[in-house]
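Engineer: Protein chains in written order, with the numbering used here: chain L, 1 to 304; chain S, 1 to 175.
Just so you know, the hints here were simulated from the structure itself, not pulled from any lab data.
The C-beta atom is built at its ideal place from N, Cα and C for all residues, glycine as well.
Be aware that a few hints might be false.
In silico EDC-like links for lysine to aspartate or glutamate, alpha-carbon gap of 20 angstroms or less [to be verified]:
#1 S:K161 to S:D132
#2 S:K22 to S:E35
#3 L:K29 to L:E188
#4 S:K161 to S:D141
#5 S:K161 to S:E88
#6 S:K169 to S:D136
#7 S:K161 to S:E139
#8 S:K30 to S:E93
#9 L:K29 to S:E35
#10 S:K22 to L:E9
#11 L:K42 to S:D58
#12 L:K42 to S:E35
Negatives, chain S to chain L, calculated, CB over 10 angstroms [stated by the list, open to error]:
#13 A32
#14 R45
#15 G47
#16 M79
#17 Q90
#18 E93
#19 C116
#20 P137
#21 Q157
#22 G172
Partial pick of chain L residues on the chain S-facing surface, computed with a CB cut under 7 angstroms [stated by the list, open to error]:
#23 M1
#24 Y2
#25 R7
#26 Y8
#27 Q35
#28 V38
#29 P39
#30 M40
#31 P105
#32 N109
#33 E188
#34 V191
The chain contents come next:
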Amino acid sequence: MYPSRFRYEAPRSLDEAIGLLHNGGDYAKVLAGGQSLVPMMKLRFASPDLLVDINNVPGLSYVTAAPDGSLHIGALTRHADLEWSPVLRDTQPTMAAAAPMIADPLVRNRGTLVGSLCHADPQGDWAAVMTALGGSVVAQGPSGRRTIPLASFVTGPFETALEHDEIAVEAIVPAATGTRAGGYLKLERRVGDFATCGVAIALEISGALELADGAPSGVGTVSRAGIALTGVGGSTINAADAAALLVGHPLTAELIGEAAERAAAAAQPRSDHRGSAAYKRHMVRTFTARILGSSLPARTEEAA
Amino acid sequence: MTAVYDDLGDEETGDIPVRRIKFTINGKKKIAEIEPRLLLSHLIRRGAGLTGTHMGCDTTNCGACTVLVDGRPIKSCTMLAVQVDGHEVQTVEGLASASELHPLQEGFRQEHGLQCGFCTPGMMMAAKGLLDRNPDPTEEDIRWALSGNLCRCTGYQNIVKSVLWAAEKMRGETA
Chain L
1 MYPSRFRYEA PRSLDEAIGL LHNGGDYAKV LAGGQSLVPM MKLRFASPDL
51 LVDINNVPGL SYVTAAPDGS LHIGALTRHA DLEWSPVLRD TQPTMAAAAP
101 MIADPLVRNR GTLVGSLCHA DPQGDWAAVM TALGGSVVAQ GPSGRRTIPL
151 ASFVTGPFET ALEHDEIAVE AIVPAATGTR AGGYLKLERR VGDFATCGVA
201 IALEISGALE LADGAPSGVG TVSRAGIALT GVGGSTINAA DAAALLVGHP
251 LTAELIGEAA ERAAAAAQPR SDHRGSAAYK RHMVRTFTAR ILGSSLPART
301 EEAA
Chain S
1 MTAVYDDLGD EETGDIPVRR IKFTINGKKK IAEIEPRLLL SHLIRRGAGL
51 TGTHMGCDTT NCGACTVLVD GRPIKSCTML AVQVDGHEVQ TVEGLASASE
101 LHPLQEGFRQ EHGLQCGFCT PGMMMAAKGL LDRNPDPTEE DIRWALSGNL
151 CRCTGYQNIV KSVLWAAEKM RGETA
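Based on the provided sequences and hints, a complete structural model is requested.
Structural biologist: Here's what the structure looks like:
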């Protein structure tokens, strides 16, 4: 299978890349990892006239913790770089849990987090993770940079707020005020399949004593919570109701049960070959309870 | 490489974009003139004539076409050939030396790691990517690293044993 013909450009700087997009005609696409774009071009679901390959642009591959505590991920940072990143392992439990679950190891060597957000597939894992974390995307165009919160970045299935001459140059996770907890769980029939369902939870716990392994002890209260769902609706679902329930309280078994109910209620699953709607809703409930339960009071007992 | 294009009727021959790229494959320097839409798998098989890299699904699922680009295993059906300009490609043909099989190849023979053999080049290249990074993998590490490669014959048991065999042999040689 071949993509249809296109003009290929491999600029050496961001300015050059943006210039190409600016003058690029009707239908230009940016190529980063290409692990979704190339298959779509081969199937002729996408037939861009111009392909701007940014892989030769220097300085776009990084995972950096800024002095203010925010985390910055460059447009050419591969999923595998995130999977092996000590920064993620030590400070970002939700992202660290998700990175090894993206696609398969070979795809993770090419595909990028920022590209995945730009692809805006409703089934995408990173969109749920970044939604739970309250993340944003930095877009650079001819008139400079702007930061777009993820909630307004994705405007529909496979659609984003990017202008035709803008490039998403990095993703940002805001600084935490408390201790981070949370995780990502995904049900898939086999490695690399789209999610039957996925749940991303990002918590910040204030006043918690840290255990020796860095996990929160569960005595603190939840100061921030984000819960987002993958694969159980026409887009990534922000289960804000479920998250709001947790804020201001210490996590208890009862609270976890209620939040899991609300997350399940927020899901809009459809029955298909991956499972019935009822089954998917049940899995959202189970995953929500499992992530909340595993990072909190239960850990205290285990550790004690 | 010689290429024959479809004449779509509405283009002059000069309209077809062709690029010249330089790359290294199995240590040999090459120059190719290609259309940018050529896939890396086709550059390897048709351009370089190295048919050890297999095309299985052509849809980024099966991993049969796995090769190393700058040392990292990737699916060559999901990368444009033009993107290896200035980069290094390694295929299954690059594993053996003139007189000796690579320990991975020997391992697959010793442990009966293949039946039909179609997935084998991809399995070996994915395994090489793992062993270069982690010379002493657990069985779990191996299963994880090969989880993007499908085999429809063996049930994977002997493939995992083959990689363990190769890892042991390689550690023994370097010790």
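Engineer: Could you run down the list of hints and mark each one as holding or not?
Structural biologist: Checked hints:
no., hint, result
1, S:K161 to S:D132, "holds (17 angstroms)"
2, S:K22 to S:E35, "holds (14 angstroms)"
3, L:K29 to L:E188, "violated (29 angstroms)"
4, S:K161 to S:D141, "holds (12 angstroms)"
5, S:K161 to S:E88, "violated (29 angstroms)"
6, S:K169 to S:D136, "holds (11 angstroms)"
7, S:K161 to S:E139, "holds (8 angstroms)"
8, S:K30 to S:E93, "holds (16 angstroms)"
9, L:K29 to S:E35, "holds (17 angstroms)"
10, S:K22 to L:E9, "holds (16 angstroms)"
11, L:K42 to S:D58, "holds (9 angstroms)"
12, L:K42 to S:E35, "holds (14 angstroms)"
13, A32, "holds (14 angstroms)"
14, R45, "holds (14 angstroms)"
15, G47, "holds (14 angstroms)"
16, M79, "violated (6 angstroms)"
17, Q90, "holds (14 angstroms)"
18, E93, "holds (19 angstroms)"
19, C116, "holds (20 angstroms)"
20, P137, "holds (12 angstroms)"
21, Q157, "holds (17 angstroms)"
22, G172, "holds (26 angstroms)"
23, M1, "holds (5 angstroms)"
24, Y2, "holds (6 angstroms)"
25, R7, "holds (6 angstroms)"
26, Y8, "holds (3 angstroms)"
27, Q35, "holds (6 angstroms)"
28, V38, "holds (5 angstroms)"
29, P39, "holds (5 angstroms)"
30, M40, "violated (10 angstroms)"
31, P105, "holds (5 angstroms)"
32, N109, "holds (4 angstroms)"
33, E188, "violated (11 angstroms)"
34, V191, "holds (4 angstroms)"
Of the numbered hints stated above, those contradicted by the structure are hints 3, 5, 16, 30, 33, listed in ascending order.
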